[in-house]
Amino acid sequence: MDAFRKLTAVAAPYDLDNVDTDQIIPARFLKYPRSGGYGQFLFHDQRRNEDGSQRADFVLNRPDYKAARILVTGENFGCGSSREGAVYALADSNFRAVIAPSFGQIFHNNCFKNGILPVVLPHDRIKAIAARLKQNPGSFLTVDLERNVVIVDGPNGDQEIPFTVDAFWREALLAGVDEIGLTLTYSEKIAAFERDYHKQFDWLQ
Amino acid sequence: PETLFDKIWRRHVIHQQPDGPALLYVDRNIVHDGTFHAFEMLRARQLPILRPGQTFGTPDHYVATRGANAQQAPEVSRMVDMFARNMEGSGIHVFPRGDKRQGIVHVVGPEQGITLPGLFMVCSDSHTSTHGGLGAFAFGIGQSENAHVLATQTLWQERPKRMRITVDGQLGLGVSSKDVILAIIGRIGAGGAVGYVVEYAGSTVRGFSVEQRLTMCNMSIEAGAKAGLIAPDDTVYHYLHGRPFAPKDAKWERAVAYWRSLPSDEGAMFDREVSLDASTIAPMVTWGTTPEDVLPITGTIPDPAKEQDAGKREHIMAALDYMGLQPGARLSETPIDIVFIGSCTNGRIEDLRIAAKILKSTKVKVPTVIVPGSGLVKAQAEAEGLDAIFRAAGAEWREPGCSMCVGMNGDTVAKGQRSASTSNRNFIGRQGAGSRTHLVSPAMAAAAAVAGKLTDVRKLPNGGGGQ
Ligand code: SF4
Chain A
1 MDAFRKLTAV AAPYDLDNVD TDQIIPARFL KYPRSGGYGQ FLFHDQRRNE DGSQRADFVL
61 NRPDYKAARI LVTGENFGCG SSREGAVYAL ADSNFRAVIA PSFGQIFHNN CFKNGILPVV
121 LPHDRIKAIA ARLKQNPGSF LTVDLERNVV IVDGPNGDQE IPFTVDAFWR EALLAGVDEI
181 GLTLTYSEKI AAFERDYHKQ FDWLQ
Chain B
1 PETLFDKIWR RHVIHQQPDG PALLYVDRNI VHDGTFHAFE MLRARQLPIL RPGQTFGTPD
61 HYVATRGANA QQAPEVSRMV DMFARNMEGS GIHVFPRGDK RQGIVHVVGP EQGITLPGLF
121 MVCSDSHTST HGGLGAFAFG IGQSENAHVL ATQTLWQERP KRMRITVDGQ LGLGVSSKDV
181 ILAIIGRIGA GGAVGYVVEY AGSTVRGFSV EQRLTMCNMS IEAGAKAGLI APDDTVYHYL
241 HGRPFAPKDA KWERAVAYWR SLPSDEGAMF DREVSLDAST IAPMVTWGTT PEDVLPITGT
301 IPDPAKEQDA GKREHIMAAL DYMGLQPGAR LSETPIDIVF IGSCTNGRIE DLRIAAKILK
361 STKVKVPTVI VPGSGLVKAQ AEAEGLDAIF RAAGAEWREP GCSMCVGMNG DTVAKGQRSA
421 STSNRNFIGR QGAGSRTHLV SPAMAAAAAV AGKLTDVRKL PNGGGGQ
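Heads up: the protein sequence lines correspond to chains A and B, in order. Numbering of the first sequence is given in our numbering, commencing with residue 1 and proceeding in unit increments. Numbering of the second sequence is given in our numbering, commencing with residue 1 and proceeding in unit increments.
Please note: incorrect hints may appear among the correct ones.
Stated by the list, open to error - Taking lysine-lysine and the DSBU-like style, the derived pairs with C-alpha atoms no more than 35 angstroms apart in a straight line are: (1) Lys415(B) to Lys66(A); (2) Lys189(A) to Lys415(B); (3) Lys199(A) to Lys7(B); (4) Lys127(A) to Lys100(B); (5) Lys363(B) to Lys453(B); (6) Lys66(A) to Lys312(B); (7) Lys199(A) to Lys306(B); (8) Lys306(B) to Lys415(B); (9) Lys100(B) to Lys360(B); (10) Lys415(B) to Lys199(A); (11) Lys189(A) to Lys306(B); (12) Lys6(A) to Lys7(B).
These are computed hints drawn from the structure, not numbers from a lab.
Turn these sequences into a full structure, and let the hints steer you where they fit.
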């Protein structure tokens with residue numbers, strides 16, 4: 001995975017709850033190979049009219065958010081289907097962090113595998129950040145994984161909001177660890193486990 | 001004292017990171033025609049599949065349901081070809097296109113006895129929670145995670161919290177486990193079980209057949225749960241005995257002895273408890289764009305003006321706009337354009353029997369598409385003459401696959417059309433761009449087909465008793 005340390009970038013507010021992965025990428029695009037890029041599919045049906053033209057009212061279509069790399073959103077973001085294509089679509093659109101009060105769990109796991117940091121912040125904090133981003137479209141946020149803070153610049157100077165990420169995944173993301181490679185270093189332990197396991201549960205063979 | 005989940009989890013931990021995830025041993029992994037990125041990742045790294053014998057494959061999402069000669073876009077049928085190529089020489093147990101055993105992963109797993117109590121199973125599909133109906137701990141994973149499983153037969157996972165949902169009492173006639181799970185999602189919300197594994201318990205659940213349990217666990221993900229689970233019992237052992245991949249003879253006896261040790265111990269602790277009275281549950285129907293937007297069929301479309309919470313009000317307004325519904329209108333007067341009976345939620349033989357009971361000697365008023373969950377379900381239905389009942393009623397009887405649940409194979413609901421569907425998701429565009437989905441039970445879907453509108457199945461002459 002790509003390493004993630006600290007990111008300062010334009011943040012886009014899309015503070016709806018229960019944004020499912022069918023909305024992030026409609027199923028009909030999942031058949032395409034990754035090599036063609038998935039960025040074009042991100043929020044496709046929200047983003048485009050039937051003739052393919054962009055809808056001016058959709059947040060990511062506004063010029064202020066062209067450079068957005070952080071998404072600020074609502075409860076249970078990425079719920080629904082396990083499609084990793086949802087994360088590919090965000091990654092291929094240059095998003096590297098998603099901030100939400102809670103995440104669909106499979107989506108949450110998929111983020112880490114693709115170098116995207118899912119940040120959980122309390123609901124009220126997100127509402128405040130989203131309101132601020134809407135007042136100042138195109139403004140920046142900083143997500144600092146080394147210090148576990150989101151930095152919002154406000155009228156009274158910078159405000160730091162702490163967040164927690166599981167230590168294991170944090171380390172993996174900071175170092176850009178290759179997870180399969182890491183697990184293969186446990187090969188002996190896995191093999192020993194398997195021997196014992198299949199002896200006990202011989203009926204699984 | 002331990003819960004069912006605790007026991008399964010403990011038995012699969014290879015390595016525990018202090019304050020972090022555990023490395024878990026995966027018993028069985030099922031792959032399908034959408035799992036191609038995982039195979040691509042393995043190839044790119046030249047990694048072999050570690051335990052192909054513990055891996056099973058069948059195409060479902062992209063298969064044509066109008067038979068082999070169906071017109072399908074080449075880029076769609078290509079997906080099933082690609083699946084076949086990925087399976088070739090892999091050593092994976094495959095139920096390929098055209099095989100009688102082919103079908104939806106979550107129908108095939110239980111049907112073949114691949115799914116067993118106490119196993120830890122994965123599949124790159126969120127409805128893998130289905131397999132919890134047999135007492136397996138099973139959940140959906142992404143493609144990177146699947147590449148990891150294929151290469152190592154393990155998965156890093158955080159330990160989820162435990163929730164128990166107890167349903168007691170007698171269900172009314174015409175009310176099914178689909179209605180129970182929809183009622184649960186309505187109660188706790190689409191994010192209500194995020195971070196939890198849910199164990200379903202109580203007399204109502206104990207009384208469910210295996211297929212009803214699979215339906216219930218299937219939609220656990222629709223409440224955000226990591227997985228759904230039901231303690232194995234004689235109903236499960238009876239169902240599994242003699243299935244192709246289930247243990248046999250002396251091994252079967254040893255397996256059952258182990259399985260009997262799995263149910264949650266007396267006094268085991270859950271992090272959250274919810275309970276429902278089955279007798280209060282009516283046939284349910286969704287009105288909005290998330291499964292938590294659900295009401296009894298006797299209800300009326302919600303009025304955003306009456307909602308206090310601003311976020312919820314906005315959601316109701318957006319959902320009604322998308323769905324083309326008026327606040328205050330009676331749900332049971334909503335006209336339907338198309339009916340879909342099938343999917344991993346309700347594409348099994350018992351579901352088809354219920355639909356047939358209601359469709360017998362009647363005519364459908366709207367196009368009705370009936371898609372069996374597997375080739376074996378199809379064969380069984382035909383042996384029982386259900387296909388003849390469906391055809392006589394004017395419904396279409398198709399080949400097995402995911403079909404109109406997700407529309408990836410080209411079976412879509414047209415823009416602006418309204419479906420009554422036995423599937424599991426009413427998301428915006430789920431059944432095709434602009435499609436409007438009402439999730440219902442098989443009995444309610446058949447009733448909607450007969451009436452041409454959403455209707456209370458209990459009011460049909462042959463509608464009661466459809467469990
Ligand atoms: S039937 Fe629907 S929900 Fe089930 S596996 Fe297929 S697409 Fe997914």
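The hints, checked one at a time:
no. : hint                   : result
1   : Lys415(B) to Lys66(A)  : holds (29 angstroms)
2   : Lys189(A) to Lys415(B) : violated (53 angstroms)
3   : Lys199(A) to Lys7(B)   : holds (18 angstroms)
4   : Lys127(A) to Lys100(B) : violated (53 angstroms)
5   : Lys363(B) to Lys453(B) : holds (14 angstroms)
6   : Lys66(A) to Lys312(B)  : holds (29 angstroms)
7   : Lys199(A) to Lys306(B) : violated (62 angstroms)
8   : Lys306(B) to Lys415(B) : holds (29 angstroms)
9   : Lys100(B) to Lys360(B) : holds (26 angstroms)
10  : Lys415(B) to Lys199(A) : violated (55 angstroms)
11  : Lys189(A) to Lys306(B) : violated (59 angstroms)
12  : Lys6(A) to Lys7(B)     : violated (40 angstroms)
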